[in-house]
Amino acid sequence: MNFANIKFKVVKDLFCYSSIFITVYTGIINNKIVHAQILSPTPIDDIYAQNIRDPDIIGPTNPNYNITDPNITEQTNPNPGNIIKSCLIGCQEIKGSETNIIKPNSSILQIDPTPELKFTSSFINQLNLPIQEEVNVNIFQARDIAHKIEKAVGVKPAFIYISFVPGEIAPNSVSGNYQNNTIKVQEQTTDEIEIILVTGKGNTNRYRLPHVNRGKIDQVITDLKTQITAPQYRNRNSYLKPAQKLHNWIIKPIESDLQKYKIDNLVFLLDAGLRSTPMAALHDGKQFLVEKYSIGLMPSLTLTNTLYTDIKNSEILAMGISKSTQGQAPLPAVPTELRTLVNKLWSGKLLLNEQTTLENLKSIRSQKPFGIIHLATHANFLGGEVDNSYIQLWENKLRFHQIRELGLHKPPAEMLVISACRSALGDEKAEIGFAGLAILAGVKTSVASLWSVDDTGTAALMTKFYQSLKTSPIRADALRQAQISMATGKVYLENGQLQGIEGIGSLTLPEKSIRETNQSLSHPYFWSGFTMVGNPW
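Using this note's numbering, the first residue of the sequence shown is number 4, and each one after it goes up by one.
Hints were generated in silico from the structure; no laboratory data involved. It cannot be assumed that every hint is accurate.
BS3-like, lysine-lysine: derived pairs with alpha carbons at most 25 Å apart [stated by the list, open to error]:
#: 1; residue 1: K219; residue 2: K204
#: 2; residue 1: K219; residue 2: K265
#: 3; residue 1: K154; residue 2: K326
#: 4; residue 1: K326; residue 2: K515
#: 5; residue 1: K371; residue 2: K151
#: 6; residue 1: K265; residue 2: K159
#: 7; residue 1: K371; residue 2: K413
#: 8; residue 1: K371; residue 2: K473
#: 9; residue 1: K159; residue 2: K244
#: 10; residue 1: K289; residue 2: K255
#: 11; residue 1: K315; residue 2: K244
#: 12; residue 1: K204; residue 2: K295
Work out the full structure, taking the sequences as your base and the hints as a guide.
If you want it as C-alpha cells, here you go:
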C-alpha cells in the first residue's frame, strides 16, 4: 500500500504536560480509526502503520477525500511528517490501547493525560518532589471531593481548570523523537484557552474559547497587574477595563452553570502563565469576583490535601522581623500586627526579630504542634531556578529546597501565612514557587501575596482575615470577608488608626509604617494580591 496517498485529519484535543499529542481520526468504528488520511509524503514506519492496514480503518484511499466534520481541521502543512508521527503516537500510546481514542465532543477530563495530570506532573518535575506513586485524581473523585465539602460545611465548591491547548500547529514548533515518546509542541501565542468546570452535581462542562489565545490573555493579565500595582494608578480605577475583559473571558462562559448549581466557592487550577492572576479583582461591571464567591488556587487536586478540618481551635505561632536584616527593608508595623493576632484574636505564641530563626520554629513546634504558622517577614518568589526564591529569617534566607526543614509536615500544619512577600509577576518559575508553597512546606493551606503590599494594607487585611477566620465556614471565606471589607471601604485608615475591624476597636499603627494618616484601602492594590493556595476549606 502507498501510504503517501493516505491523508490524516487532525483533532486538536489531546495534550499532556510535556508533549502535545494530536489525535487523528475522522470517526470511530469498533474502537478503530476510520477514514484516515495523511498529507505527508513521508512513509510511516510499519510499527505505527500496521494498525491502519485494515480496509475498515483506511476507508477510501482517494487523496481528495473530503473532510466534512466541523470539529476536525485538516493539517495543510506541506511537510508535516513529524506532526503525523506524533499524531500516531497520540492515538496508539494512550495507555497502549485504541479503546481510549476520544471523540471531539468528549470532556477533556475523560482522556489521559488530563489537565489534572498535566499540572500535577509540572509541579512534581519543577519542584523536584519525591513522589513515588503515580496516583492522579480523576473526574469522579473530583466530584466526590466537592460533594463531601458541601456535606461537611454547606459550601458548594467548583473546580475550574483553565489551560492552554493548541490552536494551530506550526511545523517548526514540533520537535523530538516519536520513537522514544519525546515529541514536544512548543508553546505558541495562538494556543487557545479551554475551561473545565467540575461540580459536586451535574455534568462536567468544557468550554473552548477559540477567540482567546495565549498572546491575548498574557497581554491583558500583564495590563491588569500593572494597573493595580503601579503607584501612579493607585488612586484610579483604570484596572477595571482589563479586570472586566478577563471576567468576560474566564467567568462569563461558566457563570450560568455556577448560578445553576448555586456555587459559592471557586477553586482555580491554572496553567503556567495564569497562576499569578489576581482572580479576586476580576470585575463584572458591577462588583468584584470576590464579592460573589470565595476564591482559592490549587496546584492540582492530586497534590492537595482536600480533607476538611475545622481550623477555629488551632493555635498560632506568630513570628516576624520588623528590623532591617541582610539588606531587607524594615517592616515597622510587624510588632503591632503580631501582637494583635496573638493577644486579641487567637491564642498562641509570638517571636520577634532575633527570635525568628529556623531552630526556634522547629524547637517550639516540636513541643507544641501549632496549627497555624504566621511569618511576618520578607519572602521573594523569584524567576529562574525555583531555589532562587526564599523566606527571610533573622540570620539567613531559607531557600525553597530547605522549606521542608521547617518541619511543618510533622505533624501537618493546617495553614502557613506569609504576610510580607512579593513575586516576580508573570514569571512562570516564580508562579511555580508561589503556587507550590503549600506542597513544599507540607501544609494544607498557604496564604501569601502576589506583590509587595505596604504595611498599612497588610496589617489591615491580616487583622480582618484572622478576625473572620473565627466565624467563617471555610478558610477562603475568611479571606473573602477581609478583601470585601477593604474593597467596600469598611476597613480604612483614619488619623493613623485602622478602623472597621470588629472586636478590636481602633488599631494604632506606628508612624513609620504610615504614608498617609487618612487613607482609603479600597483599591485592589491593597487586598487583591493576597491569595489562598492549597486547601481553601
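Against the structure, the hints:
Taken as a hint, the K219 and K204 pair is broken in the structure, with Cα atoms around 33 Å apart against an allowance of 25 Å. At most 25 Å may separate the alpha-carbon atoms for a hinted pair to count; K219 and K265 exceed this at roughly 31 Å. With a C-alpha separation of about 46 Å, the suggested pairing of K154 with K326 is violated against the 25 Å cut-off. Annotation: proposed proximity of K326 to K515 holds, straight-line Cα distance about 12 Å (limit 25 Å).
Pair hint K371 plus K151 does not hold up; C-alpha atoms about 30 Å apart against a cutoff of 25 Å. Of the supplied pair hints, the one linking K265 and K159 holds, its CA atoms being roughly 7 Å apart against a limit of 25 Å. Taking the CA atoms of K371 and K413, the gap is near 11 Å; set against the 25 Å cutoff, the hint holds. Under the criterion of a C-alpha separation no larger than 25 Å, the hint pairing K371 with K473 is consistent with the structure, at around 21 Å.
At most 25 Å may separate the alpha-carbon atoms for a hinted pair to count; K159 and K244 exceed this at roughly 30 Å. With a C-alpha separation of about 13 Å, the suggested pair K289 and K255 falls inside the 25 Å cut-off, and the hint holds. In summary, the hint linking K315 to K244 is not supported, as the alpha carbons are separated by about 38 Å, beyond the 25 Å threshold. With a C-alpha separation of about 20 Å, the suggested pair K204 and K295 falls inside the 25 Å cut-off, and the hint holds.
When the structure is compared with the earlier hints, violations turn up for hints 1, 2, 3, 5, 9, 11 and for no others.
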